[in-house]
Each structure stands twice: as structure tokens, then as C-alpha cells.
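Participant: Listed below are the residues making up each chain.
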Amino acid sequence: MVEWTDSERAIITSIFSNLDYEEIGRKSLCRCLIVYPWTQRYFGGFGNLYNAETILCNPLIAAHGTRILHGLDRALKNMDDIKNTYAELSLLHSDKLHVDPDNFRLLADCLTVVIAAKMGPAFTVDTQVAWQKFLSVVVSALGRQYH
Amino acid sequence: MSLTSKQKATVKDFFSKMSTRSDDIGAEALSRLVAVYPQTKSYFSHWKDASPGSAPVRKHGITIMGGVYDAVGKIDDLKGGLLSLSELHAFMLRVDPVNFKLLAHCMLVCMSMIFPEEFTPQVHVAVDKFLAQLALALAEKYR
Chain A
1 MVEWTDSERA
11 IITSIFSNLD
21 YEEIGRKSLC
31 RCLIVYPWTQ
41 RYFGGFGNLY
51 NAETILCNPL
61 IAAHGTRILH
71 GLDRALKNMD
81 DIKNTYAELS
91 LLHSDKLHVD
101 PDNFRLLADC
111 LTVVIAAKMG
121 PAFTVDTQVA
131 WQKFLSVVVS
141 ALGRQYH
Chain B
1 MSLTSKQKAT
11 VKDFFSKMST
21 RSDDIGAEAL
31 SRLVAVYPQT
41 KSYFSHWKDA
51 SPGSAPVRKH
61 GITIMGGVYD
71 AVGKIDDLKG
81 GLLSLSELHA
91 FMLRVDPVNF
101 KLLAHCMLVC
111 MSMIFPEEFT
121 PQVHVAVDKF
131 LAQLALALAE
141 KYR
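Sequences listed follow chains A and B, in order.
Position 115, counted from 1, in the first sequence is what UniProt numbering calls 115; the numbers after and before it change by one each time, with no gaps.
Position 3, counted from 1, in the second sequence is what UniProt numbering calls 3; the numbers after and before it change by one each time, with no gaps.
Simulated from the structure, these hints should not be mistaken for laboratory data.
Heads up, a few of these hints could be off.
Stated by the list, open to error - Here's a subset of chain B near chain A, in silico, CB distances under 10 Å, partners left out:
hint, residue
1, Asp23
2, Gly53
3, Arg94
4, Val98
5, His105
6, Ile114
7, Phe115
8, His124
To be verified - Cross-link-like lysine-lysine pairs, in silico, PhoX-like; alpha carbons within 20 Å at most:
hint, chain 1, residue 1, chain 2, residue 2
9, A, Lys133, B, Lys129
10, B, Lys79, B, Lys8
11, B, Lys79, B, Lys101
12, B, Lys74, B, Lys17
13, B, Lys74, B, Lys12
14, A, Lys133, B, Lys101
Note that the coordinates shown come from a computational prediction; the quantities given were computed from them, not determined experimentally.
No residue lacks a Cβ here, since even glycine has one placed at the ideal position from N, Cα and C.
For reference, chain B alone in the conformation it holds in the complex:
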């Protein structure tokens, strides 16, 4: 399910529109991940407070969103561009890849909340495919 060139353009365009609120979306998305899917908190046992809306969760959500934006810039070669991030996730973080889907869903919900007019079904499918490709690239080095 690779992206058509039209969908790549759609993704770049929407992320550009989103850029003023990208921190909010990242922070909200991770908050919602740990709230809606509490098992994901298992990766954050080293934080004093991994509850939705807490400072470490918000900060980390912003970091992750920064990574997603970086990936938009590498949309023509996600596997190559995300090689070192993939190694990080595979050998150090070892996040079960099923969680990438869960976070992607939370990101889509936040995008829809904050940009209801712009997040049309056509934008939704392009962004969903992009996030799925991103997840695949991140899981590339797992085994």
C-alpha cells in the first residue's frame, strides 16, 4: 500500500498546514494513547508520571511529532531515511510494532479534532497510509 505521488503531495500539504499546531497534536496524541490504551504506559515506567497530560508525556509527544515531521521530508525513501531511528527502536527501545498503529490512530483523531475542515476523507487516507509506511520503516530492523 505505497503512496501515490498525489498522496505524497497531500501529506506534505496537510502537514505544512498543521505545522503551527504540531506540538499540540503530538502532546495530545501521546496523552490519548496512554489514556485509551493503558498498556502503552508499560514503556514509560521510568517516568514519575505517565498519566495523560503530564509533563513528560506532553514533552515526549512533541519529540515524536518532530520525528514524524522529519519523516515527511524523507517521504520518498522512508526505509533509508529512518534507518538509525529503526535501529534505535529495534535494539534499544523495542517497542512492539502494534503500538505504532495505536499511536497513529490517536494522531488521526487529534488532526481531525483540530483541523475538522481540512482533514477530509482523502487527506485521512493519505496520512493513514503515510503513518503506516512510517511504522513499517521503523520496524525494518526488528528482525
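Here chain A stands alone, though its shape is the one from the complex:
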């Protein structure tokens, strides 16, 4: 069981309450596809991903980024049992989507970079510690049901 301090809970809740899901979701997924181009393998049906510019203008990618970010809401609402909250999603990614779970880590890193850019100095050391702890629990839960 993951233990969360009151401070960590407050930090995570605060980040989400100030989050522009569309902006941050789009930016994070686009950044992932640009910085780690092999991740594009999962987006064959998403139209033009020819270069960074087209990726950044792609509305299907933007919509999907928003969707992924809203997927994190479940973890926020169930911080004390993220593992079971994502059991079904983990199976989906394993059995239907066939996503290499290392990609969850890559996307999480891009999300961290985007949030850092948005928050600037407000992304303090303690904030980064709590945020990365949260994401690593999510990433671990999403990879847990792979077989």
C-alpha cells in the first residue's frame, strides 16, 4: 500500500485543480511523440504525424492527449488504491492495445516536463517529488496486469 502524507495529497490535488486538461494533455502527448518517435507506432490511425509541426497541429492527437489526462482523474480520486483502480485499464493496454509499458514512463516524463514549464518556480523540489511519486504509482499500476 502506498502511503501518502497530507502534504503530498495537497500538492497532487492542487496540481489537478489548476490543470488545463486540454492544453497540458495535448502538449504532453505531442511532446512524447516528438521526443520518443517510436511511440508513434501506436497512433497509426491518427492521421498525419510526419514531423513535429504536423504532430503539434493534429486535432486527433490533441483530443487523445486530453483523454489520457482525464484518465489520471481516477488515480486522484482513489489515491489509496491506485493499483486496483487501474487493474482493468492495465489489462486493456496489455491485451487490446498492446502497448509496451515502458511507454507509460516516457509519457509520464513528458507530462512532468510540460507541468514544470507551466508552473515555473512553483514546481518546487517538494512538488516534483510528490508529483513523480504519484506518476510512478500510476505507471506501476498500469503495467501490473501485463502477462
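Position chain B against the provided structure of chain A, taking the given hints into account.
Facilitator: Just chain B, lined up with the frame of chain A:
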């Protein structure tokens, strides 16, 4: 995953823009490394205080960043240019190379925080590749 000439130019350009804040970025990055990945403190047991923001951590972060800037100047031959640094890390410091990735991530976060407009996805991929190549050059003499 070697750098294209365009990416080398991107790296040089961004590091030049960053130079006024390079000390801050180095100090912050190492502070965040020991905070987010506490196991990295194992390399600093000889310091009285290896906590994030402490004087030895900040000073050492600045030293490391100086090394990274030096590597930018040697971007066309990192393996050759970083030979003695690689020997230092391989035979004396013996830092597990997995930690180079962790520090690189913390550096990217700091760059993004301090230069949000300039640290575009295109700059991000070029700098990430550069730091990965730097790490490889540092690990060259390990075995």
C-alpha cells in the same frame, strides 16, 4: 541515435541562451536528483549534508553543469573529448550509468521550468539525445 547537424546546432544555440542561468540549473538539477531519487545520495555519503538545496549539493551541481557545457564544445567527438572524464567515472567514481539518465531527466525539468518558451519539443529531443550521447561517452571506459 546520433545527433543530426541541425540538432547539434539546436543544442549549441539553446545552451548559449541558457548560459546566464546555467549555475542555477546545475544546482537545482542535482538537488532534484537527490530528492526525487533518494538512492542517488549513496554517492555522497562523504558529505555532511547531501539534502536538496544544501551547499555541497548546489556546488557540485554547478561543477557537473560546467562539465556538460564543456561537452557541448566537444559535441562533434564526445567519446574522444570526454576520455579522461570517462576514466574518472569508470575507475574512481564508479557511478552506475543508470544515474546519468536520472540526472538528465532532472536537468530537462529545470530547463523546462526556467525557459518554458524556448524549451520546445524540438529543443527537448535534441538536448535529450545530446545528454544520452554524453552519458554513453562517460560510460565508455566502464568495461
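Participant: Is the interface hint for Arg94/B satisfied, with its Cβ closer than 10 Å to some Cβ of chain A?
Facilitator: violated (26 Å)
Participant: Within a Cα-Cα threshold of 20 Å, do Lys133/A and Lys129/B meet the stated pairing?
Facilitator: violated (25 Å)
Participant: Hint check: is the beta carbon of Asp23/B less than 10 Å from a beta carbon of chain A?
Facilitator: violated (16 Å)
Participant: Just to be careful: measuring from the Cβ of Ile114/B to every Cβ in chain A, is the smallest value less than 10 Å?
Facilitator: holds (8 Å)
Participant: A closest beta-carbon separation below 10 Å is what the hint needs, so does His124/B meet it against chain A?
Facilitator: holds (5 Å)
Participant: Is the straight-line distance between the alpha-carbon of Lys74/B and that of Lys12/B 20 Å or less?
Facilitator: holds (11 Å)
Participant: Taking 10 Å as the limit, does the beta-carbon of Phe115/B come near enough to a beta-carbon in chain A?
Facilitator: Where the cut-off is 10 Å and the nearest Cβ of chain A is about 8 Å from Phe115/B, the hint holds.
Participant: For the hint on Gly53/B, just tell me whether its beta-carbon gets within less than 10 Å of chain A.
Facilitator: Given a least distance of 7 Å, the restraint on Gly53/B holds.
Participant: Assess, step by step, whether the Cα of Lys79/B is no farther than 20 Å from the Cα of Lys8/B, and give holds or violated.
Facilitator: holds (15 Å)
Participant: Any CB of chain A closer than 10 Å to the CB of His105/B?
Facilitator: holds (6 Å)
Participant: Interface hint check: Val98/B, Cβ to nearest Cβ on chain A, cutoff 10 Å. Holds or violated?
Facilitator: With Cβ-Cβ at 13 Å, over 10 Å, it is violated.
Participant: Compare the distance between the alpha carbons of Lys79/B and Lys101/B with 20 Å, and conclude whether the hinted pair is satisfied.
Facilitator: holds (17 Å)
Comparing the model with each earlier hint shows violations of hints 1, 3, 4, 9; every other hint is respected.
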